[in-house]
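Spelled out, the chains give:
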Amino acid sequence: MIKYILAALILGGVAGYLNNNLLTVVPNSMIAEQLFTVALIAILFVFGFSFAQDRNAMEKIRKTGFRIVAFPLLVALGSLVGGLFAGLLLQISVGGAMAVSSGFGWYTLSGPMMGQLLGPKWGTLGFTANFFRELLTITTIPLMVKLYRYAPVASGGGTTMDTTLGVIVRYCGKDVLIIAFSNGLILSIIAPFATVAFASLA
Amino acid sequence: MFDPLTLIYLVIPLVGGILLGFLLRNRNLPRLDKASLVVVVILIFSLGFGIGSNNELLSSLPQVGIQGLVIAALAVLFSIVFVKAGQKIVTKA
Chain A
1 MIKYILAALI
11 LGGVAGYLNN
21 NLLTVVPNSM
31 IAEQLFTVAL
41 IAILFVFGFS
51 FAQDRNAMEK
61 IRKTGFRIVA
71 FPLLVALGSL
81 VGGLFAGLLL
91 QISVGGAMAV
101 SSGFGWYTLS
111 GPMMGQLLGP
121 KWGTLGFTAN
131 FFRELLTITT
141 IPLMVKLYRY
151 APVASGGGTT
161 MDTTLGVIVR
171 YCGKDVLIIA
181 FSNGLILSII
191 APFATVAFAS
201 LA
Chain B
1 MFDPLTLIYL
11 VIPLVGGILL
21 GFLLRNRNLP
31 RLDKASLVVV
41 VILIFSLGFG
51 IGSNNELLSS
61 LPQVGIQGLV
71 IAALAVLFSI
81 VFVKAGQKIV
91 TKA
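Protein chains in written order, with this note's numbering: chain A, 1 to 202; chain B, 1 to 93.
Bear in mind the hints are in silico, worked out from the structure with no lab data behind them. Zero decoy hints are in this set.
Here are some of the chain A residues that sit facing chain B, going by a computed Cβ distance under 10 angstroms:
(1) 19
(2) 75
(3) 80
(4) 86
(5) 123
(6) 148
Interface residues of chain B toward chain A, partial, derived using beta-carbon atoms under 7 angstroms:
(7) 18
(8) 41
(9) 49
(10) 53
(11) 65
(12) 84
Note that the Cβ used here is the ideal one computed from N, Cα and C, for glycine as well.
Next up, chain A with everything else stripped away, as it sits in the complex:
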């Protein structure tokens, strides 16, 4: 999936650059705003629909119980504190930085949502920061797992239900599967709402 997404981003970037600076085929706003908005609305609907429709996912959370709900909540809290300090350190809007870190690694959601809420610069930051979160997780798993067994699950955030699940299970062991999956699922459900909430403070 990641190769399609990177290809789409780069192709889109090149097409946008050429359209703006060489030969204007369509108005920039038609793709960067209208098509973008329609696709974002569609994807939010599809995400919401798939989550609610997936009975196995809900069942898995119920079975693992409350103790496992505490895990993603601590990850969410940690991500927000990280965003807060990053905002202060970089001297950018603290609410904006926290909204970006509310993506919990889900860059295909955070990028477009931040772009829609606070403009293209924040959209780029939302994509980049959350993409780096996934990349950092994948590349440092062997190191992290030596320091603390659950560190890769905390680090992966919302991505631990799909994109980083395979690597995490390989390094942390099979018994981490359920906690990793429910961690990713719960964080993915929180992500869009937290993004909106903190963007409103920016």
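Once you have looked at the hints, place chain B on chain A.
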């Protein structure tokens, strides 16, 4: 602060999707996973297009990259610290 109207067309499809998915969860409907990849690709293409067609944004790309790295690193660091601290409290209690 963003335009409050933006909220309406972000939250309505999300909540609407969740409600509809919940109501129809007992029916054997085709999963939307494949369709969602197509929409994600279109969405990211148009995000890339918006970046590429914005010369001001293109010139600030290196700076945005560094900011992204700092946010990601701190979010990861504190997530691990909080989980580890939480686990310590639970095992001690």
